Amino acid sequence: MLPNRSDMQKAPIYKMTPTMKIKNQMIQELKTCVSMENVTISYGKQEAVKNIFCDFPNGEVTALIGPSGCGKSTVLRAINRMNDLIDGCTLTGRVLFDGVDLYKPEIDPVEVRRRIGMVFQQPNPFPKSIFENIAFGARVNGYKGNMHDLVEKSLKQAAVWDECKDKLNESGYSLSGGQQQRLCIARTIAIQPDVILMDEPCSALDPISTLKIEETIHELKKQFTIVIVTHNMQQALRVSDKTAFFNAETKKGESGKVGYLVEFNNTEDIFNSPTQKSTQDYVSGRFG
Amino acid sequence: MRGIPVSESETGSFSQRKRSSSEKLLDKSFKAVAISLAATVAFVLFGIFLVVFSGSLESIGRYGTEFLFTSEWNPVTDKYGAFTAIYGTLVTSLLSLLIAVPLGIGTAIFITEDIIPEKARYLIGLMVELLAAIPSVVLGLWAIFIMEPFLRPFFVFLNNNYSWLPFFNTEPLGPGMAPAIIILVIMILPIITSIARDSLNQVPIKLREAAYGVGATRWTAIFNVILPAAISGIAGGVLLALGRAMGETMAVTMIIGNSNNFSWSFFSPGNTIAAMLANQFGEADGSQVSSLMFAALILMTLTLLVNIFAQWMVKKLSLKY
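For the record, the sequence lines run as chains A and B.
With numbering that gives the first Met the number 0 applied, the first sequence covers 0 to 287.
With numbering that gives the first Met the number 0 applied, the second sequence covers 0 to 320.
Hints listed in this document are in silico derivations from the structure and should not be mistaken for laboratory results.
In this text, all values refer to a predicted model and were calculated from it rather than measured experimentally.
We put the beta carbon where it would ideally sit given N, CA and C, even for glycine.
Hints are supplied without guarantee of correctness; some may be wrong.
[Stated by the list, open to error] Selected chain A positions facing chain B (in silico; Cβ < 7 Å):
(1) LYS49
(2) GLN121
(3) PRO126
(4) GLY136
(5) VAL139
(6) ASN140
(7) ASN264
[Unchecked claim] Using 20 Å as the maximum straight-line C-alpha spacing, the simulated EDC-like pairs for lysine to aspartate or glutamate come out as follows:
(8) B:LYS314 / A:GLU169
(9) B:LYS205 / A:ASP86
(10) B:LYS118 / A:ASP240
(11) A:LYS221 / A:ASP240
(12) B:LYS78 / B:GLU208
(13) B:LYS118 / A:ASP86
(14) A:LYS127 / B:GLU208
(15) B:LYS205 / A:ASP83
(16) A:LYS44 / B:GLU117
(17) B:LYS315 / A:GLU169
(18) B:LYS78 / B:GLU57
(19) B:LYS205 / A:GLU131
[Unchecked claim] Pulled a few chain A residues facing chain B out of the computed Cβ check, cut under 8 Å:
(20) ASP86
(21) ARG113
(22) PHE119
(23) PHE135
(24) LYS143
(25) GLY144
(26) ASN145
(27) MET146
(28) LEU149
(29) LEU167
(30) ARG186
(31) VAL194
Work out the full structure, taking the sequences as your base and the hints as a guide.
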């Protein structure tokens, strides 16, 4: 069973942690939402990313950037066990969520996804009505409250309520691409996860829709921990607090590339004073 | 033929800027051939319909709608009614569909989801498709000698315990509608399974991910997202199977008993239109031919209606994604 995050945050730390050492550890855990410890993900025998150590802070936006094929999306999808759906995808190392290893055998991946929601690269509403698109996820998660209120609240939070309010019974596909993506964000918000993962949410959208989604992300940050994969460095700069730069290298004697984490720091530092040369090259647009 | 003017410098390295007139002629003649071939299909269909219709005119004039509701079929007194065959056709095809649809769709779900390893799934899919390769006469023989004797205790059980139902109230003695239904199930199962599997495979991955991404369990994802998205294709396959079941001749003729004496019971020998046509056309003459043509016309109309209904249903059910 996954720990209930809200209980943990409410509980006074001094009561639960008699010794200094444990107290520090608890604070550390509350600050860190998801933590990767020596994570290596492979497709079949081919390693996609290798030896990732990374702590995604609680209540902040972390951006994953890097050239194509460096395994950013793979890392992202590992956080809510979406990679389980891919045949032959295996993971070694530990992915900790509030200190619990998400890949322990007794952890149910469905439960993981109910706590860690995801927005995909391509807008993918269900071929159902707009209302049903939001209500489906909520119902799956056993939501007992007023469904109309939840739908309205979620659509408002995702800044798509004005476009949807008069056609809640029309298909989700009657919306434009940008609106569909915000509908998908609303769908994720509606299940009230602790973390929202976004896999290049704006790559299929025009600049205006992109800007709206970025504004939405700024709003959501107050309530959720967000991890976002993006190819757009300006976007990483605009929305994120922390940035992880991934790169890939071709190993000798192998055909594919293996991704690895180059640098992980505050977004400002990554863009202004990176410590690694490849980071400097990438953020200044010299390659990738 | 003059087209867009081409400058000298351009023609230098590209020889195909200007399409030759023979190539254009080839395009035109290909179009003409395609149209005439397509028209031939329509003509043949229309021709068959015309022949069957004109052949049955005599019988239509003599019996009219009475033909549909009387079950006497007597070449000696020249009195014909096709109710037994129509009842047999509808009962065998609809009941076989009722059994084959859950089986077929269930199998399709099982082999498109990753419940068991890929290789095992592939093997099951292959087996189902091989089922379709068995000639119907072989299936008929198998039904007579193995399947029917094997299933008879079960039929007897139904007869003993539920004989108050008119459908079970005669003693199972051998050939009859019940074994015909079972053999039809075996024959239409591959159609339903393979079409349902293809439709399920065509559901975009992003839709599956959407379902799992909001925390749906496998069953919720299948029944609330994946199946509804594939339903139009599946419905099309089911109706195709219904058409096949109504028209299937050989195996059904061998096991159904070919009796024109009407009985509600599934265990008594019965008849289908297709089986009746196959059995009687050889020796028929005079007005019997016309009556058989009438029965054929009914069968054609039934399958046509099923097909039109299928098209309509597929259009109605298809979801935009």
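Check: Tell me, which hint numbers fail for this structure?
Finding: 1, 7, 10, 12, 24, 25, 26, 27, 28, 29 and 31
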